[in-house]
Amino acid sequence: MPKNPPAPENKATAADIERSIQALNKMAERLWGEGRETEAKALLDALDALNRALDRIRIGESRRAATLH
Numbered sequence: 003m004p005k006n007p008p009a010p011e012n013k014a015t016a017a018d019i020e021r022s023i024q025a026l027n028k029m030a031e032r033l034w035g036e037g038r039e040t041e042a043k044a045l046l047d048a049l050d051a052l053n054r055a056l057d058r059i060r061i062g063e064s065r066r067a068a069t070l071h
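In terms of our numbering, the sequence shown opens at residue 3 and continues consecutively.
No lab work stands behind these hints, which were simulated from the structure alone. Check before you lean on any hint, since a few could be wrong.
[Claimed, not checked] When the alpha-carbon atoms are kept at most 20 Å apart in a straight line, the in silico EDC-like pairs for lysine to aspartate or glutamate are as follows:
no., residue 1, residue 2
1, Lys43, Glu20
2, Lys28, Glu41
3, Lys28, Asp18
4, Lys13, Glu41
5, Lys28, Asp47
6, Lys28, Glu39
7, Lys28, Glu63
8, Lys13, Glu31
9, Lys13, Glu63
Input sequences plus hints: build the corresponding full structure.
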């Protein structure tokens, strides 16, 4: 039995993730404008965490690419 699960066929790129984050950021702005600050703040906090994770992924990918050359 393989130790690793099969890789998903449709991998999201960093650009795909960035576009999704931008769309959710616009949603947070609309929520804020509608007086739903609590929901907007929660969404913005989650987006901040996603941005930090994306940065760590990019750093890891750039290090891997640098060591392969």
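Checked hints:
1. Lys43 x Glu20: Judged against 20 Å, a Cα distance of about 19 Å means the pair holds.
2. Lys28 x Glu41: holds (13 Å)
3. Lys28 x Asp18: Distance of about 16 Å is within 20 Å: holds.
4. Lys13 x Glu41: Roughly 29 Å between the alpha carbons, so the hint for Lys13 and Glu41 is violated.
5. Lys28 x Asp47: holds (14 Å)
6. Lys28 x Glu39: Holds: Lys28 and Glu39 sit about 13 Å apart, inside 20 Å.
7. Lys28 x Glu63: Status violated; Cα separation ~28 Å.
8. Lys13 x Glu31: With a Cα-Cα distance of about 28 Å, the restraint between Lys13 and Glu31 is violated, given a limit of 20 Å.
9. Lys13 x Glu63: Given that 20 Å is the threshold and the Cα spacing comes to 14 Å, the pair holds.
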